[in-house]
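With the sequences and hints as input, model every part of the structure.
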Amino acid sequence: MEQDNAPLAATHGMPLCHKAWTAYVDCLLLTVVMIFVLRFAFNYSELAAAGVLAASTLLIGYRILLIRSVLLYYDDVGVWVYSGVLPWKRGVRGVKWRDMDEATYVTSFWSWLLRSYTVRIGHRFTKASEIRLTHMARGKQAVATINELHQHLIRSGQMA
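Read in UniProt numbering, the sequence shown has 160 at position 160, and its numbers run on one by one without any break.
Heads up, none of these hints are tricks.
Pairwise CB distance ranges (calculated):
1. Glu102 - Thr31: 31 to 39 Å
2. Thr31 - Val106: 21 to 29 Å
3. Leu65 - Phe42: 26 to 34 Å
4. Asp101 - Phe40: 46 to 54 Å
5. Gln151 - Ser129: 14 to 22 Å
6. Lys127 - Gly91: 18 to 26 Å
7. Gly157 - Ile64: 42 to 50 Å
For lysine to any residue, the following SDA-like pairs were computed, each having C-alpha atoms within a straight-line distance of at most 25 Å:
8. Lys140 - Val92
9. Lys89 - Pro15
10. Lys127 - Gln141
11. Lys127 - Gln151
12. Lys89 - Leu59
13. Lys96 - Phe125
14. Lys140 - Ala128
15. Lys89 - Arg68
16. Lys89 - Thr57
17. Lys140 - Asp99
18. Lys96 - Arg155
19. Lys127 - Ser116
Calculated directly from the structure, the hints in this document are not laboratory data.
Beta carbons: idealized from backbone N, C-alpha and C, even for Gly.
Written as C-alpha coordinates, this is what we have:
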(Lines of atoms letter the chains of each structure in order from A and count residues from 1; the text may use other names and numbers.)
(Lines give C-alpha, C1' and ligand atoms only; values in the text may rest on other atoms or scores of the structure.)
Protein backbone atom coordinates (compact mmCIF):
# COMPACT_ATOMS: atom_id res chain seq x y z
CA MET A 1 0.00 0.00 0.00
CA GLU A 2 2.88 2.38 0.56
CA GLN A 3 3.66 4.26 -2.62
CA ASP A 4 6.77 6.12 -3.70
CA ASN A 5 4.99 9.38 -4.44
CA ALA A 6 2.85 9.51 -1.29
CA PRO A 7 5.33 9.34 1.61
CA LEU A 8 4.24 12.67 3.08
CA ALA A 9 0.61 11.59 3.26
CA ALA A 10 1.38 8.17 4.65
CA THR A 11 3.70 9.50 7.40
CA HIS A 12 1.20 12.01 8.74
CA GLY A 13 -1.84 9.75 8.78
CA MET A 14 -3.23 6.27 8.49
CA PRO A 15 -3.71 5.07 4.89
CA LEU A 16 -7.22 3.82 4.13
CA CYS A 17 -7.27 2.84 0.47
CA HIS A 18 -5.87 3.44 -2.99
CA LYS A 19 -7.04 2.90 -6.55
CA ALA A 20 -8.15 -0.59 -7.56
CA TRP A 21 -6.98 -2.51 -10.60
CA THR A 22 -10.15 -1.45 -12.43
CA ALA A 23 -8.79 2.10 -12.63
CA TYR A 24 -6.14 0.83 -15.04
CA VAL A 25 -8.66 -0.51 -17.59
CA ASP A 26 -8.75 2.89 -19.34
CA CYS A 27 -4.96 2.79 -19.69
CA LEU A 28 -5.17 -0.69 -21.18
CA LEU A 29 -7.78 0.42 -23.72
CA LEU A 30 -5.70 3.49 -24.58
CA THR A 31 -2.69 1.23 -25.10
CA VAL A 32 -4.64 -0.95 -27.54
CA VAL A 33 -5.78 2.14 -29.48
CA MET A 34 -2.25 3.54 -29.56
CA ILE A 35 -0.92 0.23 -30.94
CA PHE A 36 -3.30 0.54 -33.88
CA VAL A 37 -2.31 4.19 -34.37
CA LEU A 38 1.34 3.16 -34.23
CA ARG A 39 0.71 0.53 -36.92
CA PHE A 40 -0.82 3.15 -39.21
CA ALA A 41 2.01 5.58 -38.44
CA PHE A 42 4.55 2.99 -39.60
CA ASN A 43 2.74 2.86 -42.94
CA TYR A 44 3.24 6.61 -43.27
CA SER A 45 6.86 6.94 -42.08
CA GLU A 46 9.25 5.75 -39.41
CA LEU A 47 9.60 9.28 -38.04
CA ALA A 48 5.84 9.54 -37.54
CA ALA A 49 5.86 6.14 -35.82
CA ALA A 50 8.64 7.29 -33.48
CA GLY A 51 6.60 10.38 -32.61
CA VAL A 52 3.49 8.33 -31.93
CA LEU A 53 5.48 5.88 -29.81
CA ALA A 54 7.07 8.67 -27.75
CA ALA A 55 3.77 10.52 -27.25
CA SER A 56 1.84 7.39 -26.32
CA THR A 57 4.55 6.25 -23.89
CA LEU A 58 4.51 9.62 -22.13
CA LEU A 59 0.72 9.81 -22.06
CA ILE A 60 0.11 6.29 -20.81
CA GLY A 61 3.01 6.47 -18.35
CA TYR A 62 1.68 9.72 -16.90
CA ARG A 63 -1.84 8.30 -16.55
CA ILE A 64 -0.51 5.22 -14.73
CA LEU A 65 1.57 7.35 -12.36
CA LEU A 66 -1.43 9.60 -11.73
CA ILE A 67 -3.61 6.61 -10.81
CA ARG A 68 -0.89 5.24 -8.52
CA SER A 69 -0.55 8.59 -6.75
CA VAL A 70 -4.08 8.60 -5.30
CA LEU A 71 -4.14 7.76 -1.60
CA LEU A 72 -7.04 8.20 0.84
CA TYR A 73 -5.91 8.57 4.44
CA TYR A 74 -7.01 10.06 7.77
CA ASP A 75 -5.32 11.80 10.66
CA ASP A 76 -6.46 13.59 13.81
CA VAL A 77 -7.74 16.56 11.76
CA GLY A 78 -9.79 14.81 9.06
CA VAL A 79 -9.88 12.62 5.98
CA TRP A 80 -7.59 13.53 3.09
CA VAL A 81 -6.72 12.58 -0.48
CA TYR A 82 -3.14 12.88 -1.67
CA SER A 83 -2.67 12.87 -5.42
CA GLY A 84 -0.56 14.25 -8.22
CA VAL A 85 2.59 13.47 -10.15
CA LEU A 86 3.95 16.78 -11.36
CA PRO A 87 5.18 19.20 -8.67
CA TRP A 88 2.58 21.86 -9.52
CA LYS A 89 -0.25 19.30 -9.52
CA ARG A 90 0.65 17.43 -6.30
CA GLY A 91 -1.47 18.19 -3.30
CA VAL A 92 -3.79 17.22 -0.53
CA ARG A 93 -7.48 17.98 -0.22
CA GLY A 94 -9.96 16.76 2.30
CA VAL A 95 -12.70 17.17 4.84
CA LYS A 96 -12.10 17.99 8.50
CA TRP A 97 -13.77 15.76 11.07
CA ARG A 98 -15.84 18.67 12.41
CA ASP A 99 -17.21 19.43 8.91
CA MET A 100 -17.84 15.83 7.86
CA ASP A 101 -21.37 14.66 7.12
CA GLU A 102 -20.90 10.96 6.38
CA ALA A 103 -18.86 8.56 4.31
CA THR A 104 -20.65 6.35 1.80
CA TYR A 105 -19.83 3.94 -1.00
CA VAL A 106 -21.80 3.01 -4.10
CA THR A 107 -23.00 -0.56 -4.27
CA SER A 108 -23.72 -2.36 -7.51
CA PHE A 109 -23.22 -5.81 -8.89
CA TRP A 110 -19.98 -4.72 -10.58
CA SER A 111 -18.55 -3.02 -7.50
CA TRP A 112 -19.31 -6.11 -5.45
CA LEU A 113 -17.87 -8.47 -8.06
CA LEU A 114 -14.73 -6.44 -8.82
CA ARG A 115 -14.23 -5.07 -5.27
CA SER A 116 -13.84 -1.59 -6.71
CA TYR A 117 -16.00 1.07 -5.09
CA THR A 118 -16.91 4.71 -5.56
CA VAL A 119 -16.27 6.40 -2.21
CA ARG A 120 -17.88 9.67 -1.14
CA ILE A 121 -16.96 11.61 2.00
CA GLY A 122 -19.58 14.29 2.40
CA HIS A 123 -19.14 17.81 3.71
CA ARG A 124 -21.91 19.14 5.98
CA PHE A 125 -22.05 22.60 4.44
CA THR A 126 -21.15 22.32 0.76
CA LYS A 127 -21.02 19.66 -1.92
CA ALA A 128 -18.08 21.44 -3.56
CA SER A 129 -15.77 20.44 -0.70
CA GLU A 130 -16.69 16.75 -0.55
CA ILE A 131 -14.36 13.95 -1.59
CA ARG A 132 -15.53 11.64 -4.37
CA LEU A 133 -13.20 8.91 -5.61
CA THR A 134 -13.96 6.19 -8.15
CA HIS A 135 -12.35 2.75 -8.50
CA MET A 136 -11.11 2.51 -4.91
CA ALA A 137 -9.81 -0.82 -3.60
CA ARG A 138 -11.05 -1.62 -0.09
CA GLY A 139 -13.41 1.35 -0.33
CA LYS A 140 -16.08 -0.48 1.64
CA GLN A 141 -13.72 -1.00 4.59
CA ALA A 142 -12.43 2.58 4.32
CA VAL A 143 -15.98 3.96 4.61
CA ALA A 144 -16.68 1.76 7.63
CA THR A 145 -13.47 2.94 9.32
CA ILE A 146 -14.17 6.61 8.61
CA ASN A 147 -17.74 6.44 9.92
CA GLU A 148 -16.62 4.53 13.01
CA LEU A 149 -13.91 7.09 13.80
CA HIS A 150 -16.29 9.97 13.15
CA GLN A 151 -18.89 8.53 15.51
CA HIS A 152 -16.23 7.92 18.15
CA LEU A 153 -15.10 11.55 17.94
CA ILE A 154 -18.69 12.79 18.22
CA ARG A 155 -19.49 10.60 21.23
CA SER A 156 -16.28 11.44 23.05
CA GLY A 157 -16.83 15.17 22.52
CA GLN A 158 -13.44 15.68 20.90
CA MET A 159 -14.80 17.65 17.96
CA ALA A 160 -14.87 21.43 18.34
